[in-house]
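Given only the sequences and the hints, what does the whole structure look like? Please build it.
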Amino acid sequence: MSAVAEELASGGVRMALPLLLASSGELLSERAGVLNLSVEGMMLTGAFAGAVGAHQSGSAAVGVLTAIVAGLLFAALQALLSITLRADQIVTGITANALALGATTYGARLAFGDGAGAKSLPGLDPLAIPLLSDLPILGPALFEQTLLGYLAFAVAIALALGFSRRRTAGLAIDAVGEDALAADRSGLPVAFIRYGTVLLTGITAALAGAHLALSEVHAFSDNITGGIGYLAVVAVIAGRWRAWPTLLACLVFGLAQSLQFAAPAIGLHISAPLLTTLPYVFALLAVSGLVGRSRAPSGLTVPFVRAS
Amino acid sequence: MTAALEITGLVKSYGSMRALDGVDLVVEAGTVHCVLGENGAGKSTLCHAVAGSLTSDEGSLLLYGESYAPRRPADALAAGVAMVHQHFSLVSTLTVGENLRLLRLPDLAGRIARVREAYGLVLELDAVAGKLPVGVRQRVEIVKALLRDPRLLVLDEPTGVLGPAETDALLETCRRIAAAGHAVVLVTHKLGEAVRAGDHATVLRGGRVAGGGPMAELSAERLVPLMIGRSVGALDATVAGAVGLEPGAVEPVGPVTVGPGAAGSVPAAVEPRGSAPAALDSAGSAPAAGESAGPVPVTADSAGGGADDGDGQRVGGAALGLSEVTVRRADGTYALDRAALEVGFGEIVGIAGVEGNGQSELMAVIAGSLAPDDGRVVLHGRDLTRAKPAARTGAGLGVVPEDRHHEGCVPELSVAENLHLGRLGEFKRFGVFLDRPALGRATEKVLGEHDVRAPGAFAPMASLSGGNQQKVVIARELALDPLVCLAASQPTRGLDIGAVEAVHARIRAAAARGAGVLVVSAELDELLALCDRVLVAYRGRLLGPVDPRAEGARERIGALMVGADGAGVPAGVGQSPPTRGPSPSKAIGAH
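Residue numbers (my numbering), protein chains in the order written: chain A, 1 to 308; chain B, 1 to 591.
Don't take each hint at face value.
Partial chain A-side listing against chain B, Cβ under 10 Å, derived [stated by the list, open to error]: (1) L171; (2) A172; (3) D174.
Residues of chain A clear of chain B, computed beta-carbon distances all greater than 10 Å [what the hints assert, rightly or not]: (4) L110; (5) V155; (6) A262; (7) A265.
Partial selection, computed: residues in chain B whose CB lies under 7 Å from chain A [as the list claims (entries may be wrong)]: (8) P73; (9) A74; (10) S89; (11) L90; (12) V91; (13) T93; (14) E98; (15) R101; (16) L102; (17) L103; (18) R104; (19) V209.
Everything labelled a hint here was simulated from the structure, so no lab data went into it.
C-beta: ideal position from N, C-alpha, C; glycine also.
Shown next, in the form of structure tokens:
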């Protein structure tokens with residue numbers, strides 16, 4: 001039984017890590033008023049660029065850096081479209097995701113050859129932390145991660161603390177997302193804050209993608225993200241635009257996914273596809289107000305125009 | 001003297017419309033400089049250009065002798081220019097304290113304490129900004145501007161949402177800021193305020209400077225023609241009240257003395273109708289205005305009717321009756337505490353009071369957007385306490401809400417759609433399609449009747465000026481058939497003189513047709529001149545009534561507004577006895 005619990009826990013954390021990274025950035029963007037639906041595309045771009053970088057250089061570290069650069073470029077495009085050019089954020093987000101899927105799939109053919117794929121890339125190996133990793137159940141789940149895995153925790157927690165409502169920076173982000181005009185009149189740099197959060201999302205999402213390709217499987221496959229980016233958006237909604245609940249939502253989503261592998265072992269006969277719908281059920285409950293009051297930032301997806 | 005601000009040849013165009021057309025203005029340090037003008041004169045545009053909210057097309061600005069060209073509000077703030085916006089700049093979901101922290105100023109607590117000490121402006125830092133009454137929000141806004149210790153403070157129509165006491169306090173604050181050596185630009189369309197608080201005045205009309213100079217050399221009767229291109233005597237008393245022009249303050253000869261004392265010492269309250277603006281008349285420019293058959297023909301009829309009936313206006317029961325209406329806030333205090341009132345047919349009842357004493361909630365309960373915890377709302381014998389807004393409209397209740405932008409209309413829709421939104425079903429073609437030509441014709445007719453200046457029936461509501469938007473809202477509510485009662489909140493707030501006249505005429509016409517009218521207004525003079533009875537909202541209770549025609553009515557209302565004891569106030573029809581003592585919250589358990 002404890003073996004099953006251990007498997008469930010480590011599987012859950014493994015699934016939750018990329019979610020955690022992507023949603024911690026996504027949360028900031030949304031709080032600032034930019035709905036980054038393209039976080040899925042950012043992740044995919046990060047995964048692909050990371051794989052190419054690692055493949056070309058033979059170094060996983062170079063792969064991670066390449067992923068960050070690609071994620072930033074992708075995010076800059078999204079920011080330019082939705083902040084400066086004031087394009088519809090939902091339309092650009094979905095389009096950008098479709099574009100990323102096509103471009104990375106095609107790019108993989110060019111970079112790794114047809115069909116061969118990018119197997120056995122130079123990747124990151126798990127580093128077990130002595131003693132801590134020997135703890136029952138949670139030990140292996142939490143303390144046998146790759147460097148990127150540990151980084152994911154650190155980034156999620158640092159962003160949650162650093163941009164909390166109690167800090168001026170967090171307050172400024174919320175003000176921009178709630179009422180950009182008022183924030184502007186209070187002297188806050190609205191566009192700068194929005195660009196900043198979107199670019200930050202680019203970095204965290206790219207790291208999440210790189211984690212998938214370089215920590216998890218050491219390979220790139222088509223559509224390797226498989227909707228995790230959308231799930232990150234859902235986690236933000238389920239977390240009601242608050243950092244800690246979002247973090248919790250990511251862990252719950254991870255566990256729900258992990259359950260589909262562990263279910264047979266504990267005698268649960270639930271169809272796996274049904275389990276994968278769980279996160280979305282949670283999200284629907286969250287936005288429907290059944291689990292507490294939920295309210296998106298008033299200025300979400302609303303571009304800022306000063307001229308009156 | 002140093003010129004704090006020197007504006008030369010400022011031009012700002014929107015398309016073919018020149019909002020500012022070569023404006024020159026010099027503001028001296030240590031003075032309050034009033035910028036006067038009707039709506040659309042370019043006052044707000046000028047403010048925004050100075051505060052960096054918009055960039056001008058031509059012209060130059062000098063701030064304390066240095067070239068100054070703000071491209072964004074942050075630039076202006078950095079240069080020491082703060083602005084108090086007409087539409088607030090507070091993030092409504094954040095608390096007051098959080099809003100102030102957004103300014104990222106060092107030693108915030110110390111600054112707040114200093115502003116509190118210097119100007120007596122006290123804030124409740126933990127309150128959520130959006131839940132505060134507008135008057136209080138305005139105070140937060142002013143503190144927010146003062147926290148930066150600005151060299152130049154621009155206030156864009158700051159008194160539009162304030163009660164008389166708050167207005168006095170604000171003007172006093174302006175004087176103190178100027179006394180501290182800073183420059184204050186006070187934008188207003190209320191002449192009385194300028195006369196009381198200003199050192200200099202500049203009048204804008206149509207984007208140009210129409211005139212101005214030191215206030216000591218100007219007088220109200222010289223300023224009014226500059227503002228509106230008409231003479232003072234042509235104004236109705238109510239209109240004079242709505243623009244903040246206290247009739248007693250307008251002396252026929254000699255310069256007007258500046259000072260806060262001037263207003264309080266005017267015992268001659270505006271006589272409602274009939275013997276209207278005595279002081280204005282004595283200005284000598286409009287001999288006809290003394291008669292009730294004055295400038296607004298509809299008025300004369302309704303005034304005659306109302307006056308002749310005397311106390312017997314409530315024929316056939318009440319048009320609108322509220323009894324024991326109680327609304328509890330989330331924190332357990334009472335927004336409305338057993339409020340009761342009756343509006344008779346053909347009667348105009350006013351609600352005075354300092355903003356935030358339950359007026360907004362009262363209107364919300366009447367309109368159906370807020371369910372009272374206790375009490376009843378009865379329209380001509382029909383209990384509408386729990387009725388949906390549509391049912392209220394159907395029963396003949398017209399509502400002109402306080403915030404016409406958010407509640408009164410849909411700015412993105414056309415004028416025609418706004419006018420007929422509730423009954424688009426009457427304009428059907430083939431059963432399903434909208435008969436746009438018919439809709440347009442009906443709209444053009446209404447626009448003509450109500451003198452609404454709009455580019456066309458299908459122009460977006462947002463393209464109309466505030467006054468014309470309000471005329472559309474009122475036209476829509478007056479079109480109800482039958483119209484049993486019209487409840488209007490701040491019907492003339494932010495409107496220019498012409499529009500105020502029109503709105504007042506419509507309100508009187510509605511009463512003349514037999515409808516009951518309830519008017520909530522922060523403008524005491526407006527209520528005194530318009531109403532048959534005035535009730536005063538104080539901490540959720542309705543005190544009074546006061547007969548506006550009685551001797552000393554203004555003083556009595558003023559006393560009630562600040563919660564002075566109700567001694568000498570006759571208990572009115574259907575009034576709940578004023579609860580004494582500081583805590584009204586205990587009273588409810590009793591029944």
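How the hints compare with the structure:
1. Contact between L171 (chain A) and chain B, as hinted, is supported at the beta carbon level, the nearest pair being about 6 Å apart and thus within 10 Å.
2. The closest approach between the C-beta of A172 (chain A) and any C-beta of chain B is roughly 6 Å, which is under the 10 Å cut-off, so the hint is satisfied.
3. At about 7 Å, the closest approach between the beta carbon of D174 (chain A) and any beta carbon in chain B falls short of 10 Å, and the interface hint on this residue holds.
4. Every CB of chain B is more than 10 Å from the CB of L110 (chain A) (nearest about 45 Å), matching its label as outside the interface.
5. The beta carbon of V155 (chain A) sits about 25 Å from the closest Cβ of chain B, which is more than 10 Å, so the claim that it is off the interface holds.
6. No Cβ of chain B approaches the Cβ of A262 (chain A) within 10 Å, the least distance being about 41 Å, so the stated non-interface status holds.
7. At roughly 47 Å, the least C-beta separation between A265 (chain A) and chain B is larger than 10 Å, which holds for a residue marked as non-interface.
8. Contact between P73 (chain B) and chain A, as hinted, is supported at the beta carbon level, the nearest pair being about 5 Å apart and thus within 7 Å.
9. For the restraint placing A74 (chain B) at the interface with chain A, the shortest Cβ-Cβ distance is roughly 4 Å, inside the 7 Å limit, so the hint holds.
10. Checking S89 (chain B) against chain A by beta carbon gives a least distance of about 4 Å; that is within 7 Å, so the hint holds.
11. Taking 7 Å as the C-beta cut-off, the interface hint given for L90 (chain B) holds, the closest approach to chain A being about 6 Å.
12. The restraint placing V91 (chain B) at the interface with chain A holds, with a minimum CB-CB distance near 5 Å, inside the 7 Å limit.
13. Annotation: interface hint on T93 (chain B) holds; nearest CB of chain A at approximately 5 Å, less than 7 Å.
14. Interface restraint check for E98 (chain B): the shortest CB-CB distance to chain A comes to about 6 Å, inside 7 Å, so the restraint holds.
15. With a cut of 7 Å, the hint placing R101 (chain B) at the interface with chain A holds, because the nearest CB-to-CB distance is about 6 Å.
16. Taking 7 Å as the C-beta cut-off, the interface hint given for L102 (chain B) holds, the closest approach to chain A being about 5 Å.
17. Interface restraint check for L103 (chain B): the shortest CB-CB distance to chain A comes to about 6 Å, inside 7 Å, so the restraint holds.
18. Interface hint status for R104 (chain B): upheld, as the beta-carbon distance to the closest one in chain A is roughly 6 Å, under 7 Å.
19. Proximity of V209 (chain B) to chain A is violated relative to the hint, the smallest CB-CB distance being about 22 Å (cut-off 7 Å).
The earlier numbered hint that this structure contradicts is number 19, and it is the only one.
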